[in-house]
Each structure stands twice: as C-alpha cells, then as structure tokens.
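S.K.: Letter by letter, the chains look like this.
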Amino acid sequence: MDQSENYWSQRLESMRLRRDKINSRYNSWKKDTLNPWNKSSRNITEERRNSSDIILREVYTEEDLSNNIDQELGMPGTYPFTRGIYPNMYRGKLWTMRMFSGFGTPEDTNRRLKYLISHGETGLSIAFDMPTLYGLDCDSKRSDGEVGKCGVSVSSLKDMEVIFRGIDLGKVSTSMTINAPAIVLTAMYFALAQKKHVPLENVAGTVQADILKEYIAQKEWIYPPEAHLRMIRDMMTFCTKNAPKYNYISISGYHIREAGSSAVQELAFTLADGFYYIDMGIEAGLDVDRFAPRLSFFFNSSINFFEEIAKMRAARRIWATVLKEKYGAKKERSLLMRFHTQTSGYTLTWQQPMNNIVRTTIEAMAAVLGGTQSLHTNSYDEAWALPSDNAVKVALRTQQIIAEESGLADVIDPLGGSYYVEWLTDQMEEKAFEYFDRIERMGGILNAIKSGYLQKEIAATSYKRQIRLEKGEEVMVGANKYVEDEHPISILRISRKAQDMQLKRLRDIKRTRDTAKVTRSLDRLRKAMEDPDENLLPFMIDAVKAYATLEEITNIGREIYGGWKEPVIV
Amino acid sequence: MVAGKSQSLFKDRPIKVLLAKPGIDGHDRGMFVLAKSFRDAGMDVLYAGLLPTPEEVVDTAVNEDVDVIALSLMNGAHLTVFKKVADLMKKRGITDIAIVGGGTIPDQDRPKLARMGITGNYGPGTPISTIVEHVKRRAEEARKRKLGLN
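In order, the protein sequences belong to chains A and B.
Counting in the working numbering, the first sequence runs from 1297 upward without gaps.
Counting in the working numbering, the second sequence runs from 2 upward without gaps.
Please note that a few of the clues may not be correct.
To be verified - List time: in silico EDC-like cross-link candidates among lysine to aspartate or glutamate, alpha-carbon distance up to 20 Å: (1) K1437/A with D41/B; (2) K12/B with E134/B; (3) K1760/A with D41/B; (4) K1861/A with E56/B; (5) K1620/A with D1583/A; (6) K37/B with E1766/A; (7) K1327/A with E1343/A; (8) K1861/A with D60/B; (9) K85/B with D1440/A; (10) K1793/A with D110/B; (11) K1515/A with E57/B; (12) K85/B with E1579/A; (13) K1327/A with D1349/A; (14) K145/B with D13/B; (15) K1767/A with D41/B; (16) K84/B with D1440/A; (17) K84/B with D1435/A; (18) K84/B with D1796/A; (19) K1437/A with E57/B; (20) K1317/A with E1358/A; (21) K137/B with E1766/A; (22) K1746/A with D1575/A; (23) K85/B with D1796/A; (24) K1437/A with E134/B; (25) K1752/A with D41/B; (26) K137/B with D45/B; (27) K1861/A with D88/B; (28) K113/B with D1575/A; (29) K1767/A with E134/B; (30) K1437/A with E56/B; (31) K1823/A with D1838/A; (32) K37/B with E1862/A; (33) K1492/A with D1440/A.
Note that these hints are calculated values from the structure, not bench results.
Using the sequences and the hints given, assemble the complete structure.
M.R.: Structure follows, in structure tokens:
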C-alpha cells in the first residue's frame, strides 16, 4: 500500500483526535438542569437525528469545538476556505441568481430567458428535454410525446441559434445541464460563439458533463463509463488551452441527493467523483494547477437548515485540504471550491403547493449562509409540472428578498464559530472521509459504481426515509400531517405543437443542409472516435457547424462503444 | 377485499408485478421504494430496468405472466407513453393483466388515463399503503380473469 492509499484513513485518525475535551459543562447541565426539568414537566425526550444519521444533542458548547479550530476555519478567502472562498464574499458581489429554465421549443425558451433577464436574473441556465439528454433527435421513435416536455428540445445547431437569439454570448455566462451528450452541446455552444464572432477565450459558462453521478443517480448515459470519461478528458484538455472561462464540468451532488441520499452521502460521493476527475486530468498529462481551477461543483440545499450549511462548509474545507495535501496543488485558485446550489425538488409537496415557497426560502437561506456562488430557487408548482411564469418569478423574488432585504449578505459566514455548526461541520467532514476510505478500499469510484454499491447505499437511505414518512416519524406538512382537501392549481402545459414545430424544423434542416459536408464531417469524427488519443471536440464543432444532428453524432458512438446496463440495485 | 377469498386466489402464486418506466426517464427513486414496498407486502416484483420501450414492457409482462404492470413517469409524457402500453395490450387482446400508473400526473389527466384502463395514477406524497391496496385490488381482478372466474 503506497502512501496515497493511506491518505484517507490517516487524515481520519488525526481528525478524530482533534477534540479531547470531555464535555463536562454539557454533562453537568444535563444532570443538574435538563433531566430534572424533563422529569418534572413529564417531557418525553426523543432522540433527534439529521438526514446523515448523526445523533444530535440538545445543545452544544465551546467544548465541542476542535482544538485546531483557528487553522480549520481560516478567514474568508484564506486556507482552508471553510468560511468562504473570497475575502469579500457577498459584500463584493452577490451570488449569481441563475434560474434553471427551458421548455417547449427554442422560441419558448428564448422568450423565458429574456423574461428572466428583464426581471433581474444575472446568469442563464438551460434545461433540455429528455430526448436531448439521451442524445436523441426529436424525430426519433422514442422521442414521441417527450419533445419539449422537461426542457427545451435541441436536435441541431439551428435550435441553439434560436435559443440564444438576441443574447450576447460574450456578455452572459450560460450553464447547460447536460451530461451524456455534453461534448456535443459544448461543440454547438462554441460553434455558435464562433458564428457570432465571440472568441472562445471570452466564452463563459458551465456544462454539467459529470457522467459519474449519472451512473450513481440520475441515470442518463448513452455509452459505458469509459467512453464518456474520454469525452470529458477531451473537453478538459481542449478548454484548458482554448476556452479558459468555460467550466467543462460541474461535479454534481444535486442528483445524488434527489435520488434519495443523505446530506453526507451527497457530500462524500460528489467529492469522490471530483477526486476521480483530478486523477483523470493528471493522467491526461495536465498540471493540476492548470485545470483544477476550472472544476466547479453543484450541491443540493435541502430542508434541514444547519445540516446543509455544515455540508457546504465541510465541502470547501475538504476540497482545499485534499487538493493541497494529496495532489500537491500550489496555486490558490486550485484549492477554491466554487459551487452552484439548487433548492431541493424532493422536499416540495404536491399538496398545498403554496407551502413550497416557504420551504424554498429556508433552503435558499441555507445555501447563502453556506456560501454558494450561484443559486437556483425552485418554484412552488414544481411538484406538478415545469414552473409557470408567475411561479418562477416568485422564486426569483425569494432570492432578491434574501439578498437585498434580509441582511443575510451583510456579514461573511455569520454562523462561523457557532458551537453547533462547527461541531456539525466536523462531523460531516469525518463521515465523508469514512466514505472516501471505503471507496478507495473497494478499488475506487468506478468499481463502487459498477458493483452498484453507491446506488444501493442511496436506495437504502431513500427507503428508510420513506418508511419514516409512512409512520409519521418524519413530517411533510400537507402531505402526511395537516392534510386538507386539494384543489388543482393552474400549471404550465407543453402543447403537442412544440413537437410538431421541432419536427418541421429538423425536416427543413435535413433538406437544406449540404449533405456531402455532413457526411465528410461525420466520417472524420468517426475516425477520431476510433483513435483514443485524438481530441474529439474540434471534430464535433465541424460536424455541428455542418448541421449534423445530435443523434447522428451520438449514433457513431453507439456503434463504436455500445450501451451500458446498470447492475441490479433492488 | 375479503381476505379469505384473495388468499385462495393467490394461494399457489403471490401477486406478480412488473414495475416499468416506459418513457425516456431515469428518475428511479420511486421505483426502488415501490419495489421494496411491494416485496414487503408479499408480492413478486420485477423491474424493467432503464428506458424500456412500450413493446419491451408488454413482452416482459406477458412472458413473465404478471398480474399487474405498474407504470411510472416523471417527465410529463404519460398521456402519450402510457397510452402506447395500453394500446399494445388491447391490440394483443391481453385482458388478464391490469395496468396502474403513477408519477407527476396532473389531476386533469387522470380521467383520460382511466378511460385507457390505467388506474391509480397517484402523485407525489401518496402513502405507500394506498398504492399497495390499489395494486392488490387490480391484481385480484386480473387473477380472476386468468383463472377464468369472470
């Protein structure tokens, strides 16, 4: 066993030694004050746990703080960045208010983006429909009934041209939530920028592209892991050299959490994915300090307020210390964990939907107190459908109220030093390291995915939670307590017309494009795909510029790499 | 449901359910919860895996001789995709397998699905016990047809 294999357990051991106090103050308070009080008032004291199965005491004291608290916290903008990655945080610049949007046709989505920009949104975020997410065109047999339903439909560069009509790609930053075909959509975005004469050096944005979490949680893949990982490597090397403001991956815990994990599982599995990508970049011959600064993250903010804040603080500290200690990163930028946050869709209820505004507010506050760089707030009607204009505006206004009325953005890391929050941050860190150690002993994250271990861990947590809800041990207001008769609300419906319009546009493209050029570009792309040392992105850009379609491109990979069947989970 | 009567129906073979998401939709959290819950309720459970086509769903249901197909979609395509499953069943003249549905299905769509013979159509927050009871009831109807009891 070499030294790096020992890293997690060694760190874990030293973390466990950081608290040597015996909690005398708590113990005597409990004996002399709390217990007699409970006895006289006949209070039943139930055990309290958070989603991560961490048992919570009634109160925390200074004896719960680490002996090394000063070094473990640092100051804002100083190592290990527990308190925030920038010295001025929101006093310098508020988080980016980035509302995930996309539905129906590219025209519908272009209108929604402009609507959000006009109401003060500061970054774009595109949602694609299910066929697009699986690399299928709108005219695929499987796409029938799904076009434009869960996001915007994109089959060719033409669709992207319409989505971004009248939007300056040199001025906005765009996040695209797409994974399996991320490299194709990136090629389209770059091709569009070039057509609009925006140099790639100025193109700012993020593509999710995190395929590991697809196998773990969201289940949107096309090929076996190795094929997708090669495409991420190609984006990594291409963007490092040519598009330095483009985040070619957003390592995501959001979906892991929505699939049913606990907060600490989200933290651990996401960061384990992140370390894998670091290993991959190093293996591709890149200096860690050249590419690590462009890795970005994406977390969930769920309803247990302090647990979420502790998770985000722990995430920053873990990333910085591991990058420095294990990977030898020297540049400060490499150590900074920049992340986007979205409030939790799972916590929203179908019942009494207006209550969801309150849930989203609590979750958004946790994200801000956790130091997020950008934020999406869910709309109250999202347990029903994609959000209506009015619902999405309330969600954006929620962020604006937090930012400009509440005072939450006035002081950096205002919960820093809280006995409870610091203790919980330490707990999240230790439990995450237990998972890193276990995953390493299983032979790394790819093995942990292929054996179904991570998926089973998540399914087990989700089932346990469901049982607690069924028994009423956990409460969802309006769903399993304070239940009322329900009345349907008015929701956004995607009409069949979206599919018809998309089919027509694709037919027109196929009729008018230069077929010989398409064939040539696809042939060159096929050869590149067969050569693992070639970088695919330039070939993809050529193909999309010739209006080769998404599915024509992904089909080449389907022939070369085949598909992937997941292990049995239940 | 009369316990004695249903016991005799399922005496030789417990209720058999096929869980399937027939559209392009990987949101499988609910599927796994239901699979475990149906098993806890004594049922035989099959999961169709990711992205089965409507044809694959019907083929599996017939080959495995299930009592109930339990469909789920979170992607808003239920009116098109659930219908394809129901149409295929009708085309093949299969009457001894019941279809139930669930997912993010707006209230307005429930009568339409019911007319296709797809019942339940429960949304988020539905107690598992409600779903289990409904599947049992539909399984009973299907099993009676299998046994030629009506």
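S.K.: Would you mind marking each hint as holding or not holding in the structure?
M.R.: Hints and how they fare:
no. : hint                 : in the structure
1   : K1437/A with D41/B   : 37 Å, violated
2   : K12/B with E134/B    : 18 Å, holds
3   : K1760/A with D41/B   : 13 Å, holds
4   : K1861/A with E56/B   : 18 Å, holds
5   : K1620/A with D1583/A : 13 Å, holds
6   : K37/B with E1766/A   : 14 Å, holds
7   : K1327/A with E1343/A : 17 Å, holds
8   : K1861/A with D60/B   : 19 Å, holds
9   : K85/B with D1440/A   : 10 Å, holds
10  : K1793/A with D110/B  : 18 Å, holds
11  : K1515/A with E57/B   : 19 Å, holds
12  : K85/B with E1579/A   : 47 Å, violated
13  : K1327/A with D1349/A : 25 Å, violated
14  : K145/B with D13/B    : 13 Å, holds
15  : K1767/A with D41/B   : 15 Å, holds
16  : K84/B with D1440/A   : 12 Å, holds
17  : K84/B with D1435/A   : 19 Å, holds
18  : K84/B with D1796/A   : 19 Å, holds
19  : K1437/A with E57/B   : 14 Å, holds
20  : K1317/A with E1358/A : 10 Å, holds
21  : K137/B with E1766/A  : 19 Å, holds
22  : K1746/A with D1575/A : 18 Å, holds
23  : K85/B with D1796/A   : 19 Å, holds
24  : K1437/A with E134/B  : 35 Å, violated
25  : K1752/A with D41/B   : 17 Å, holds
26  : K137/B with D45/B    : 12 Å, holds
27  : K1861/A with D88/B   : 28 Å, violated
28  : K113/B with D1575/A  : 52 Å, violated
29  : K1767/A with E134/B  : 17 Å, holds
30  : K1437/A with E56/B   : 12 Å, holds
31  : K1823/A with D1838/A : 14 Å, holds
32  : K37/B with E1862/A   : 18 Å, holds
33  : K1492/A with D1440/A : 33 Å, violated
Taken one by one, the earlier hints fail for this structure at numbers 1, 12, 13, 24, 27, 28 and 33, listed in ascending order.
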